[in-house]
Amino acid sequence: MVKKDEKISFEIDGQTCSAWAGQPLLDAAKDNGIFIPSLCHVQGLKPAGSCRICNVNVNGRNMTACTTRVSAGMVVENHTPELNELRKTIIEVLFVSGNHFCPSCEKSGNCELQALGYRYQMMVPRFPYEFPVKGVDARPDLIYHDRNRCIMCKRCVRSITKDGKHVFALNGRGGEHLHVAMDVDLASQLTEAEAQEAMDICPVGAILKKEQGFLVPIGERKYDKAPIGSDIEAQNG
Amino acid sequence: MTKPVLATTSLAGCFGCHMSFLDIDERILELIDLVEFNKSPVDDIKTFTKQCDIGLIEGGCCNSENIEVLKDFRKNCNILVSVGECAIMGGLPALRNGISIKECLEEAYLDGPTVKANTEKIMPNDEELPMLLDMVYPCHEIVKIDYFLPGCPPRADLIWNALVALVTGDELKMPYEVVKFD
Ligand code: SF4
Ligand code: SF4
Ligand code: FES
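Chains A and B, in that order, are what the protein sequence lines are.
Going by the numbering used here, the first sequence opens with residue 1, and the numbers climb by one from there.
Going by the numbering used here, the second sequence opens with residue 1, and the numbers climb by one from there.
Bound-form chain B, shown alone (with noise of 0.2 Å):
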């Protein structure tokens, strides 16, 4: 029998959600039996070679290339799933949602109080860069998501979990403390 196909990206997020997944200690040794990993940056493949089962999502939208990888994960995915507080609902890079992207790029390259070598007053603008959105959005709400798993980052428990019940089609297991906001 061939494994259910397995992709990962972290989007808007800060690769915890990854480093809690890795966190699985020596289940990782199941893992490798229990699927097979396509685009991910655990294997370091760049770009889709077949079509996946799985797709795992870390981190919000906040930028036109996320939005690009996120629908390119719904196209080749069969099932994505949103994992952690910033795929949710934005998370911690979504404090910014109530500042203009003006304010947070001055701040951030300008007046910062740890701006000090941006001496020639420069606002990073080549064309190669990918666009800021307006704000930072919850992926659901640019792409259809399947399932949610809440927490910064979800427990490695409950990752393991959601991905061995998806994989076995067993019931979720979902302890109470495996299921936090934060």
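Next up, chain A with everything else stripped away, as it sits in the complex (with noise of 0.2 Å):
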């Protein structure tokens, strides 16, 4: 657990770090201006180690940043040409196995998959495109759900409920393809707010919401101008 009384000091890249003991890794390497790229972890919830893009090399072997939890001495590498290469196959990876159409994605240019792409330079894929062929729930009022383009990080899972009870959940453990399924009568209660939740916690555009697409003009949305954690980046000087 995070010792907030206890401040350690580690090694990323050659740079010397500090951290309270026992916080993750990823959160600790954030707070030193420097970035590990996440796809599956958010700063207060649970980490799920799902997603494997946050692989780091730690004292000689490969472990996900987001649950693993600093030490004093820890020697960390994050930066090399074989752990961004390995990032960069996941992300390709994670291209062909959805049906990731960008150019009529509500999501793009705000879309953590895709920044990652441009961050890593993928050009095309290397793995043959799946098209599988998957749902879209759209049935309650302010939201829908496109499994074509959930990456199943679990992000909804973990955090969206309503009066205590989970909106998301993951199902077909046995047998049926994995999946992540939206529950229709709590998600059609989901306030303004509560659907707005939803989607900003969804890293991809897998939860939308509705009758407001495309808000932000091309050029001015997140990813337009600068990479994905550059401004993480930034704080190191």
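Think of the hints as simulated: they come from the structure by calculation, not from any bench.
Just so you know, these numbers come straight off a predicted model, no measurement behind them.
Yeah, the Cβ is synthetic: ideal placement off N, Cα and C, and Gly gets one too.
Just so you know, not all the hints are guaranteed correct.
Unchecked claim - No farther apart than 27 Å at their CA atoms in a straight line, the calculated lysine-lysine pairs in the DSSO-like style are these:
(1) A:Lys210 / A:Lys222
(2) B:Lys102 / A:Lys134
(3) A:Lys225 / B:Lys173
(4) B:Lys75 / B:Lys46
(5) A:Lys154 / A:Lys165
(6) B:Lys144 / A:Lys88
(7) A:Lys210 / A:Lys165
(8) A:Lys46 / A:Lys225
(9) A:Lys222 / B:Lys173
(10) B:Lys71 / B:Lys144
(11) A:Lys210 / A:Lys134
(12) A:Lys209 / A:Lys162
(13) A:Lys4 / A:Lys46
(14) A:Lys88 / B:Lys173
(15) B:Lys71 / B:Lys46
Unchecked claim - Quick list of the computed label-pair ranges, beta carbon to beta carbon:
(16) B:Glu36 / A:Phe127: 32 to 38 Å
(17) A:Arg173 / B:Asn125: 44 to 50 Å
(18) A:Lys210 / B:Ala165: 41 to 47 Å
(19) B:Glu103 / A:Ala169: 27 to 33 Å
Using the hints, put the two chains back together into the complex; each one sits in its own frame.
What follows is the structure in structure tokens.
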């Protein structure tokens, strides 16, 4: 657990960093101005360790930075050709295993998966496109769930509730394809603000609010001008 | 010195990538000094008259004619470049990939809300027409593609920079703002 009374120091790519003992490595890196890519992790939510994009090398072994807690003297490698290549490969797999038609996606420009594609300069995935058949559930009034773009990060599963009940859940553990499903009754009860929260927690365009697409013009969206993570790195001077 | 020869085509695309190519504005004058055009909608040459150095491909493959043209480009061009999302991953035409051909045709010619004039319920089936493929394919899943320029369309600067880099052998300039998937 995080010990807010004990500062420790450790090392990332040769840079000395300080953090609270037990802090998730991914968050600690961020506090020290170092970007480790993430998709399933959100600061404050219980780490899931499912997307593997945050792979770093800790004392000689590859581990996910979101589920690893920092300890004194830890030696971490982050920005290496091997790890960056691994991350690019994961991004490519995510692109071919869903249906990502960025030109027609409302999240385009604000999407974390796409932004990582830019950051790691994916010009084309090296794997064949699967074009899987996946559904869209547009029954609730305020939001819809497009499984074509869902990367199964479970950020929504871990965070979005209505009256204490989970709106999104992982389904199909026995036999059926594993997928994230939306509880239509609960989703239909979401307020405007809760619907917005659900849309914002999703790193991609799988949860979107209805009737408000393409609000920000091209050129002014979150990742149009600067790569994802550059805000974190800017703190490092 | 003879100029490098360029060919271009639009397969299952919307000509947006060609329009973006023309968006290089006054650099079009430099382009004429830089390359010679062969088969391309830009100069309306319909068949290859010589071996080309570079072929720019817009659009993916949705029918038998696209495949034929793409293979012809592979044969006649030393370097092939997939230009834009449709060439790279099928693009918007590939939205039909999860739907059967039968359903697509019925929607387009019989049941669609805008189908009014087709009172005789005719489905186009003239033998002159190319066959639709079971789905829309990225170009590199049909022939070998050497380079990829993402974007819908790729920014004019990206197409221009890539062309100049290919012709001159200089390193490709890829500022962050010009490589986008939309
Ligand atoms: S979710 Fe992201 S990567 Fe997928 S289509 Fe939308 S913008 Fe592109
Ligand atoms: S809907 Fe979005 S937040 Fe939920 S699992 Fe899928 S990608 Fe993650
Ligand atoms: S962010 Fe660590 S595994 Fe997804």
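Sort out which numbered hints this structure fails and list those numbers smallest first.
Structure breaks hint 8 only.
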